[in-house]
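S.K.: Protein sequences appear in the order of chains H and W.
Residue numbers are given in our numbering: position 55 of the first sequence equals residue 55, and the series is strictly consecutive.
Converting from the second sequence to our numbering requires adding 169 to each position, the first position being numbered 1.
Treat the hints as calculated values from the structure; they're not laboratory data.
Using N, Cα and C, we set each Cβ at its ideal position, and we do this for glycine too.
Any given hint could be a false lead.
Result set (SDA-like, lysine to any residue): computed pairs, CA atoms no more than 25 Å apart in a straight line [said to hold, decoys possible]:
#	chain 1	residue 1	chain 2	residue 2
1	H	LYS3	W	GLN209
2	H	LYS78	W	ARG471
3	W	LYS714	H	LYS77
4	H	LYS77	W	ASP481
5	H	LYS78	W	VAL663
6	W	LYS621	W	LEU576
7	H	LYS78	W	ILE292
8	H	LYS72	W	VAL663
9	H	LYS77	W	THR715
10	H	LYS3	W	THR715
11	H	LYS77	W	VAL663
12	H	LYS72	W	LYS457
13	H	LYS3	W	GLY712
14	H	LYS77	W	PRO348
15	H	LYS78	W	SER320
16	W	LYS316	H	ILE26
17	W	LYS457	H	ILE26
18	W	LYS316	H	SER61
19	H	LYS78	W	ILE352
Stretch-level coverage of chain H by chain W, calculated; a stretch enters the list once three of its residues show a Cβ under 8 Å from a Cβ in chain W [stated by the list, open to error]:
#	segment
20	19-29
21	58-71
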Amino acid sequence: MKKEELKRHIIVILALNQVGALARIISVFGRRGFNIETITASPSNYPGLTRITIIITATDSAMDQVLAQVEKVELVKKVFTPGENTLYRELLLLKINAKGEDRERAMSVINVYRGRVVDLTSESMVIEVTGSPQKIGGFIDIMNEFDVVEICRTGATGIEVPGRTFDII
Amino acid sequence: MKLTGSQIVCEVLLDHGVDTVFGYPGGAALNIYDELYRYQDRITHVISAHEQGATHAADGYARATGKVGVVFSTSGPGATNLVTGIATAYMDSIPMVCICSNVNSELIGRDAFQEIYITGITIPITKQTYYVNHIEDLEPALRDAFKVAASGRRGPVLIDITKDVSVAMAEFTNKAPLPLDPIPEIPQDTLQEAAKLINNARKPLLYVGGGLIASSASEELEALIDKADIPMVHTLMAAGAVSCDHDLNLGLVGMHGTVASNRAVDQADLVISLGARYSDRVALNPEKWARKATIVQVDIDRSEMNKNVYVDVECTADIKDFLTQILPLVNEAKHDEWHERTVGWTTKHRLAQGVPGYMSPQEILETVSDAVGEDAIFATDVGQHQMWSAQYLKHRKAHKFLTSGGLGTMGFGYGAAIGAKMGFPDTTVVHITGDGSFHMNMNEACTAVSYKLPIITVLMDNQVLGMVYQWQTAFYGGRYSNTCLERKTDFVKVAEGFGCKGYRAETIEELKAALAEAVKSDVPVWIQCVISREEKVLPMIPGGKTVDDMIVE
């Protein structure tokens, strides 16, 4: 067996929105030894179905195996890996301590990234940025020059362009 | 018609043709058990000594009959005691519906007395769990549970019902069971490709697993073997898939498999797996296993494809369906040279004879086989006796060898034997065990006595935890950490204490005499067979190694 390289994979799952459904799906990843990097879950346009987006790092063959295992879960109605033509977005909230000149410098970066300041005190500011995971990553890198107090990001969600239609019973 | 939750449980069981269930009552389950009391003319409830025994019994019942096993428990410890039994069934894909009771809804999440989050605990060992705290969800959950347990690759499911739901009322009408999920369609090109590979192969081999038993496809398998002259090897889970008398049945494959089976895998140019999962006990070294062969994998579960060994052709299919469809596409063939070589391997390499002064495991098991005939059902525990049972019992039919293959659960056997005997009261049921395993669940003897189940226990007593002892001898310099039990248990007396009959055999004559009594007995019988602790399970391929590293004596 040749050594396969690790890659980032995005998995989209549509599952019945029931008590314990998320726990059961996540358990498949844990059971097979995968660490989940990000996960988002929210109601979908199909009544009663939750859309879950998961990012993991794995080899291609390990990825095939985990997809097959997830597909097997009774509550899961659809599993797919989005194609190349997919838009990904995530939301970042970032808090820094900044006064005076620092604050002006920060504002210029925030403007370039089309972020918004959503809370401002004399000491600190909370910034909101949405965009692709790469953009969010780039923004955080630059903001690390400041006194970053707290970071939270939602993890990616994505949609294919043009959209895929599902054959869901 | 308005029924209580407990009545709905019983009615849905009847809708699914369930007439035998196993379990253990308790506080949270009182309402359901009150209803089982009223239904006792239609549903026989077998009360075990311990919930674990009840799950193994439901499992053994399912393995022997092919039906879905049903087990009841109360909340808390009742539910957690099911866990080993559920995991055993899950690993071997045995359909089982576990119906647990929980505390009242308003107490859930408050750490009430005997409250446990059993639907969470059992996530990794069930196909699906259902937490029912609203009466309107009960009937759909029960019906779906039976469907899920028996569809596709089978397995256990668990329903947890809060106590208030068991008395709440809901509208109910009897209905037929939900249709099972359809079996996958086999693409024509896959069938053609597989048939072409079979027709062109010079050294084809069938590798048969538990999926073939689950699919009840023995006849179809034998037809393929005979038509195309293909030898077969089987896993532990598929003992009896084809009779051991068939010359092309090369026997058990893997760690303790026959020389013939393991050589055949190594030399074959085509391996077709039928419901087998290439576990570490078979494909000990996945990179070198069947190294010269093109591999075709047929399994009902797509996630088994390429899981452990990379294969050339994948076919997600029910085994019986696959065999039925491929048979007309396969040419009649003779592989004279391959046939003679593989069958030749089975006649050579006679295993070393036993330790002088003791009965050998082979003699014991052949004697037992002959005494009880080919219709007897065998249930085993786990360890050396299990491997010897796989090797030396005369497996002639499917669904007759009940053993914990995947999880390897010591203590499985007695419960499983009880379940099998409940399913087939007129069939001889033999429980093969060791002194280690038997100490784990011998308490279920009380169950066998109460229900007048004359199960024959053949206890291979070597006073050590034989399999671990064997590894300590071979790989740990004879440092026998916690394996030399030297227990003082007097099995004959204990048997009598339970209301069974007990015999002790040190020679084959004594064993034959005890068996002659046992087959006529109307109470359970224990036969303690004294064997040497130096008996080994051979041949053996150490973990991660290949047939070239096989130890034969």
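S.K.: What are the numbers of the hints that this structure violates, sorted from low to high?
M.R.: 1, 3, 4, 5, 6, 8, 9, 11, 12, 17 and 18
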